[in-house]
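**Q** The residues making up each chain are set out below.
There are 2 protein chains.
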Amino acid sequence: MTYCVGMMLDQGIAFMSDTRTNAGLDNISTFTKMTTWEMPGDRVLTVMTAGNLATTQSVISLLDERTKAPDERAPTLLEVPSMFQAARLVAETLREVIARQGDEGQRADSAFNATIILGGQIAGGPPRLFLIYPEGNFIEAGQDTAFFQIGEMKYGRPILVRAYDRQMKFDEAMKLLLVSFDSTLKANLTVGAPFDFHLYETDSLRKGREGRIEEDDPFFLKIRHGWSAALKTALDNLDDFEL
Amino acid sequence: MTYCVGMMLDQGIAFMSDTRTNAGLDNISTFTKMTTWEMPGDRVLTVMTAGNLATTQSVISLLDERTKAPDERAPTLLEVPSMFQAARLVAETLREVIARQGDEGQRADSAFNATIILGGQIAGGPPRLFLIYPEGNFIEAGQDTAFFQIGEMKYGRPILVRAYDRQMKFDEAMKLLLVSFDSTLKANLTVGAPFDFHLYETDSLRKGREGRIEEDDPFFLKIRHGWSAALKTALDNLDDFEL
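Listed in order, the protein sequences are those of chains V and Z. Per the working numbering, residue 1 is the first one in the first sequence, and the count goes up by one each step. Per the working numbering, residue 1 is the first one in the second sequence, and the count goes up by one each step.
One chain only, chain V, in its complex shape:
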């Protein structure tokens, strides 16, 4: 499995993804699930993927190759005029890859499905965030639901639902994301560190701060221990049930 979160903030968009892939429980590897395309001053697009690794890698490679092959007739991610068109392009590529694997008669225990988060900004429009389904349709983050999760999302959801706030700054958002990732990590073997992140700043039209949080990253360790202790304190501070 996988765990990725994309989060709209007034300050910009925060992206975080884990890096564990597994085929069975004894075949685990580290792959990045986050890819960013940038044309400074014009656009920044970040894609995070969850699902069948062959499918997601194929989608990313196709999207990437097309940006480098100027003779392709179809517009590429570096040429589409809007974020909406970018979402359509990614969605079509995803559907195409899934359909092709189906056509060629491949069968496996797990489906070839994948789900994608796409976020970014293209000059002339605001930052936008999309969740793209394997069927090739997609939804956009709005005022009410301003973050998307894909993959193993349940363990890390309660804290996001409660603490997310559009006005958060990136430094708080990173903390919230790491708490959410830690909850997932603690409960599920198929989500693993390191975690990749990208913090895109609204209207900057260039890559924001990017990086990778290792499992032994001092800040992450502080979060892990601090959060366990803080949760226990929070629980202690609630009144006990009166029997």
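What the hints contain is simulated information worked out from the structure, not anything from laboratory work. The structure displayed is predicted, hence computed values, not measured ones. A hint or two may mislead.
The list treats identical chains as one, so a pair stands whether inside a single copy or across any two.
Listed below are the simulated BS3-like cross-link pairs for lysine-lysine, each with C-alpha atoms no more than 27 Å apart in a straight line [to be verified]:
1) K68 / K207
2) K207 / K169
3) K169 / K222
4) K222 / K232
5) K186 / K232
6) K169 / K186
7) K207 / K232
8) K68 / K169
9) K68 / K186
10) K222 / K68
Once you have looked at the hints, place chain Z on chain V.
**A** Relative to the frame of chain V, chain Z by itself:
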């Protein structure tokens, strides 16, 4: 879906279950998922069920009917000599019901599967807690994993994993359970109040405190609001990420 938790404590066993059942999203009802059999001074057995409602009701009815039909040849829940034998009996009844529905050619979108938590004590043995699978096998709570969840368990798991402690008293355990149920409720429509609970006290060999927590129960409302606030405070108290 469903959410039930059974938790071994030094003080006894705490059971809590939600009461929502649904067939689709627009056909929801309230059914209790917790049943307790008692022979004061000899045994107390509590069963919680998750899964296909027809299956679980059938299992409970069969178990119950047999305790009332003294001519049945098979031993009943009120006669088996140990908790282990009680678990075998419940497991066999479950497998039997699932198999019979399969045999009779019934087919539905959802499987007839169900999962059961059984806990209690029979005179002469210690309190024991079992998780029974649809296949008819089962596992017992030990020192390391001393609680079981069934149904929609992921949302409510992180707080249990972090805060559970065998030495908790029932008043703290109720608080922890309600926080875990609240996290699930907040994230998933198919888990709903009221919640049933039973707190069996070690070596009492009679029913402990039982009851039902309604959605507008003042203590539960206090937990809900208090916990949201406490989580936000806990998060605020962690250092922000240094960008």
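**Q** Now look at each hint and say whether the structure bears it out.
**A** Here's how the hints hold up against the structure:
In this homomeric assembly, K68 and K207 come within 27 Å of each other (Cα to Cα) only inside a single copy, at 19 Å, whereas the closest approach across copies is 72 Å. For a Cα distance limit of 27 Å, the shortest separation of K207 from K169 inside one copy, 17 Å, qualifies, whereas the shortest one across copies, 52 Å, does not. Only within a single protomer do K169 and K222 lie at most 27 Å apart by alpha-carbon distance; the minimum there is 19 Å, versus 29 Å between protomers. Proximity of K222 to K232 under the C-alpha cut-off of 27 Å is found in both arrangements, the shortest distances being 15 Å within a copy and 17 Å between copies.
For the identical chains of this complex, K186 and K232 are neighbours both inside a copy (16 Å) and across copies (20 Å), given an alpha-carbon limit of 27 Å. Taking the closest pair of Cα atoms, K169 and K186 come within 27 Å of each other both inside a single copy (26 Å) and across two copies (25 Å). Proximity of K207 to K232 under the C-alpha cut-off of 27 Å is found in neither arrangement, the shortest distances being 38 Å within a copy and 30 Å between copies. In this assembly of identical chains, the alpha carbons of K68 and K169 never lie at most 27 Å apart, being 35 Å within a copy and 64 Å across copies at closest.
In this assembly of identical chains, K68 and K186 lie within 27 Å of each other by CA distance neither inside one copy nor across copies; the values are 40 Å within and 45 Å between. In this homomeric assembly, K222 and K68 never come within 27 Å of each other (Cα to Cα): the closest approach is 42 Å inside a single copy and 58 Å across copies.
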